[in-house]
Structures are given as C-alpha cells and as structure tokens.
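With chain A held as given, fit chain B onto it using these hints.
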Amino acid sequence: MITYDAIVVGSGITGGWAAKELTEKGLRTLMIERGRDVVHRTDYITEHKPSWELPLRDARLSVGTKGAEEYPIQARTGQFRESNKHFFIKDKKNPYIEDKPFTWIQGDQVGGKSLIWGRQVYRWSDLDFEANLRDGHGVDWPIRYADIAPWYSYVERFIGVSGEKLGLTQLPDGEFQPPMEMNAGEKLVKAGIERAFPDRHVTIGRVAILTQPLNGRLPCHYCGPCERGCSTGSYFSTQASTLPAARATQRLTVLPNSIVHSVIYDASTNRVTGVRVVDTVTKQTQEYRARVVFLCASTLATTRLLLNSTSPRFPNGLANSSGVLGHYLMDHHFLAGAGGSIEGLLDHYYQGNRPNGIYVPRFRNLGDDASRRDYVRGFGYQGGAGRQGWGRGGGERGFGVELKRKLHDPGQWSMGMTGFGECLPREDNYVELSDQKDEFGIPLLKIHCTWGDNELAMRKDMAASAGEMLEAAGCKNVHTYDAYRGSGQLGAEPGFAIHEMGTARMGRDPKTSVLNAYNQAHDVPNLFVTDGACMASSSCVNPSITYMALTARACDHAVEELKRGNL
Amino acid sequence: MEHDDLITRREALSRVAILLGGAISAPTLAGALDAATRRAWTTPSRDWAPRTLDAGQLELVATMADHIVPQTDTPGARAAGVHRFVDTLLSDHYPTPERDRFVAGLADVDARARSGHGKTFVECTADQQVALLTELDEAAFPAVRIDSPRTSDTWFFRRMKELTLVGYYTSQVGATQELHPSPFGAYRGDIPYGSVGRAWS
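Protein chains in written order, with this note's numbering: chain A, 1 to 567; chain B, 568 to 768.
No lab work stands behind these hints: they were computed from the structure. Glycine included, every Cβ here is placed at the ideal spot set by N, Cα and C. Only true hints are included.
Here are the computed distance ranges between Cβ atoms for each label pair:
id	chain 1	residue 1	chain 2	residue 2	range
1	A	Lys66	B	Asp694	36 to 42 Å
2	B	Gly752	A	Glu194	28 to 34 Å
3	A	Asp438	B	Val697	54 to 60 Å
4	B	Thr641	A	Arg485	40 to 46 Å
5	A	His408	B	Glu626	24 to 30 Å
6	A	Glu194	B	His747	32 to 38 Å
7	A	Glu70	B	Gln744	32 to 38 Å
Each computed EDC-like pair below joins lysine to aspartate or glutamate, with the alpha-carbon atoms no more than 16 Å apart:
id	chain 1	residue 1	chain 2	residue 2
8	A	Lys66	B	Asp667
9	A	Lys187	B	Asp757
10	A	Lys446	A	Glu98
11	A	Lys190	B	Asp757
12	A	Lys66	B	Glu665
One chain only, chain A, in its complex shape:
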C-alpha cells in the first residue's frame, strides 16, 4: 500500500489547482490521471504546423467522416479537428449512454480539457449566488460573492487574465492584464449598441491569455489555434501553470494511464482512506492511501466515481445520504443569436489571429423592473467581427482569373453574436450508473438531460435581442438563429456548451446537498469535490475560473482542518 498525504483525482483545470495548492501547503500529493501524459511543448505535435502540412488541411472531423471513427461523440463539436483530435477522448473506448442527446466532450490526458478549453473567464456575482434563494429553483448556495472574491483575485493573479474593467455589479471586475484590442468592426458595433441601449455593454472577452509576461510565461503571439497547445505558455493550462508550480515543491507524484475505479471508505472512522485504481494499459488494480481525497475528475466523471463507490453505509454512492448525488445536472444553452454584415470600413483591417472575441454582459433580470422578463435568470453574448476570407468564393458564381483577383482582397465585414444562457437546476436532469460496464469494470454512466421551458423561453430572447442590437448598430442583412431543433435531434442539445456542471451540489443542508460551503462532503469530512460537479446553479458565464477559485479555497480549508486534526 502506497500512502500519500493527499490524492487528487484528475489533472485538468481543477486537478492542477488542487495539486498546486496542496503541495505548496506541504502535502505529499498523488495526482491521478486516467489518460496519457502530455509533456508541455514536446507533445504539442501540431503547434504552428502550416495548413499544408496537415493532410486534410485541418478539416473539421464531423460525425461519419473518416478520421472520426473512434470519436462519434467528440466529432459532434466544431472544436474537434484534424489538428487537435489527439486531445479528445476516444469514445469507442469510453462509452456512455444517452437517454436523450447529451454531448459529453472529454479530454483524457494530463492537463485534461485545460489544453483545449475556451479560456473565457468571468467572475460570478451575488446575482448568481443568490439566484436559487431568490426564485426558488435549486437550493441556496452556502457561499456569497464576498466568500469567493479574494480567491478569484488569487487565481487571476496566478493564471493571468486580460480584460477590461467595467464596474458592473453583475459582472465583477478582476485583477486584469491589459485587454486585447477590438477590431474596427467590433468598435463600430459596440458604439452603435451602447448608443441605442445605455444598459448594455460590449467589451473585449476576459481571457486567461497573457498580454504581459507572467511567471516565465510569455504574452500571446497571436498564432490563433490555442487548442493545439502553446509552447510559450501564453494561455492557462495545467502544463503551463499549475503543474510546474506543483512540481517545484518536489511533493508531487503524477500517475497517468490510471483510472480511479472507486474511492475506499472506512465506516469505522467515517473517512475515505484512499482510492482503487485500474492501470488502463495492464488492467491491474492498485490501491493508494491518503489522509484527504480531492475529486477533480470533471463533473460527470467525478459523479460516476462517487456513484460507483458503494458501501453498506453508502449503498447509493459515496457521500450520498441526501440522495441528490447525480441530480441537478446543468449546462449552458447556447447557439442562439444573430449575425449581420457591416457596411463600409473596407480600408480597415487587422493583423494577428486573436484567440478571443467580444462579450456582452448579462442585461436581463438584474432585479429592477426594466430588465425583468417572463423567464428567470439571464444570458450573456460572445461574438466577434471579421472580414470574409477566401471561403466566400465557394458560395458565389464565378471562377477563373476574376475570382482569384477578387479573393486576393478580404471581403466585407460581418458580425456575429451567440448567447450563453443560464440553465436551471432540475432534479429530473440526472445521471445514473447503467448495468453495462466498460473494459475497466466501471459501470457506464447513463445521462438524462433536456432543456426546460425556462431555457427555451430565454433562447427566444437571446436570438431576438441579438438581432435587435445588430440592427440598432446599423448592421445589414441581420438574421437571427437558434440551432436548437428539439425532438431529440442534435443542434443545441445539453452538453454542447461543454459547461456541464452540478450532480454533487454544494448547499447548506446535508439533507438536500452533497457538499458544504468548502466543497467538503457533508457525510465524509476528508472528501472534497471541487470540479464542476459541485455547482448548485449555473450562472450564464463561463464556469472554469469559479471552479479554480473554489478549488483553491477548498484546499486552504482542507489543510487548515488537517492541521487542527479534524480530518
């Protein structure tokens, strides 16, 4: 039996943070990763490869195409391409069951999805933390903005966030590096929207991408496709940021190619004592012990692991005396918005592939009468403007010298915006273990999740308001869209936003929640869950920085409790 002070399951955004915090606070820590190792720089095998070196010219590998055979789920997302497929999970080896379509995008490697994430980072506000209490959906969060604000600052200073301060209550400012610049089209649309709607703001995206050097990492060089990996460490990833920090303590052990089968529970002490691990190459089982266990395996993988960790005390899953484990699954609903063209500005252009767009903070249901709508919660927009490229030639008549001359210049400007909407926590959106098992002997997850009336009502406003704003800004050919098709068809079904969260929620009452205000299991004091599974509501902003802040805060609490002898 190999014993550590702490075990962290998972090496992505939260696993990396837990490893960094726990090792820096003196704990000998084992970080266990289901997938292969990915070495910073060395394993970014497509980074800076020119298009002609990629045989398919970086084709999107959609479902049914050759090259996507082992990835029938991952291929549903537009992010899945020839140049980055090696950072996505092979679905054929890692199946799950969809009751209704739920697209579960996963990255099983050291670094997890931190290598391929969207990098947008926005603080939650009390509008979010008080939402459940205010409208009665879900249970009240056990924390408020004041509890997490210092931890947001702590995280932002370490990961590096570029952005613009706005002074808005609903989208608190953070510790920002200088913002990236908007392009001419975005500046024009921003001016038009803010003139027509004084309560709406257009800002450059707040991103975990450096515009100034930080801790040996270099500012962004604007090559474009971050998700191939970044040798200059310009965007936050485990490899660029938390892993080097954890390694520097010499207290970290990383164990790749190892899937945790279950967490071991000792009823006599009411503590978890370690984990049972299957080597994914040899299929051999090994147990590891520790004084404290952090689950950071990603929302649904963590809950699957808890559900599979049964004992006479917890026959329905570890730390599940409440019975809510697996329930209240959420994702953001998106792909409803508008697009349009911008006239003129043909003497304006830009240089560099900026891996960022614009953001419109939430302006609905802020607590005043004017912003109230017939649904609850709200949405923000992400978007951007650009000039059409050579691809436009494929949609118009003409060929030959004339076409080639035309495509020598960029085309007209266009602008697009898509909403990211909050999803309500509903008990009937849930996951459970099925009777089938994978090759490691772990039952497959079965996912039940659909949008409800509130999400569908909000989507109408997401599309219509985007159209209204682009019209007001003077855009032409404005068209609204909503990719949701319903009836179990793919389009904008849950999972697509890759913001799945909930299923082991935090709360004040052990009878209705799994975790307390410190992400500590109500039932088992030395068990912590700090990935997206912990979320009690979803807000409408991208969630990763909140997971990071909660993780750092939970680690601080865990180490204090260890010192006090309480764990």
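Same frame as chain A, but now just chain B:
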C-alpha cells in the same frame, strides 16, 4: 453531410469559432519552421500516387481546378497540387457514399463533354472546357436567388469549386505566395488595409 456543403460547413464553423471567442482556424506561418522541414514539403514526392482517383480522373480534377484558380502572377491550382489534396480527402476523410458521389460527378462531367463535343473533358479545347464549366457554374449559382438551388444536379460542381478553393488557399503556394499568413507577434485591431494589400491566408 450529403446535403451539406464544405464551404458552408467551414464558414459556419468559423462563425461559431468567432462566436465562441476562438480564432478562425488559421494556417500558420512558414517562417516558424526550420529549413529542413520546409525543404521536406517543397520537394515533390516521387512515390506519390492517387489512392481513389485513377490517372484520368486525377487529370480531370487538375484541369478543372486550374480553370477555377488559374495561374496569374502566382501559380494556379494545378501547381499548388489541388488534385492531390482532393484525392487525399476522398481517400482519408470522405464517407464512402460521399466519395462515390464525387467520383460519379466526375463521370458526369465527361459525359457532358462527350455529348457536346464527342470528347472527354480533358480532350476538349480550353475554350470548350471553360464553356462547360460556365454552364455548371451558372446552374449551381443562379443569378436570381431561388429558394432551393441545392439540387443534386449542382452538388458536384459546388463541391468541386469548394475543394479547389480550400486546396489552393491552404496550400503553400496559396497561403504564402498568393496570400500571406498573418505574422506572429502583436495583435493590431485596426490597421489601414492598404498597409497589407491582400487578405491574410
């Protein structure tokens, strides 16, 4: 997929990429690579052979592609190896039904050439070839927009045109001679177009 064309898909994805705050997948900079790597791609491979198309079909693709993007002061589609790209895509990416549909489209082009001129497309004069492609182009992109122009009759030409543009502008010739990649370094959100003078590849 059958009723979905490549450019539309690519543009939709680019749009989504912008919307998501991501970059349009950008062909990156030749200057970032070492000399040996660059020599490796510019040296024609002696052992390259098509895997889906036969020699006649390959020549047909190269001929059509070179009419769509001809040589000007920069090389055209044939010199950029668009026909090789098309064969690679058909072999390694297309689902079998879509591949077969494309190959059938090639046969149809030859059938049209035979019925009009008694020769294969490649055997026709350049003027005859351009006239045939003009017919296909006008059918695929009617001057007056109609609600559903995407009939199966025009699928092949639209796809051929798209593959030519993708193959050309993502080739080394298209991306670095005809157009230029955006250089690495600073991001400049608003520069005079005249200071660049051509679209970024």
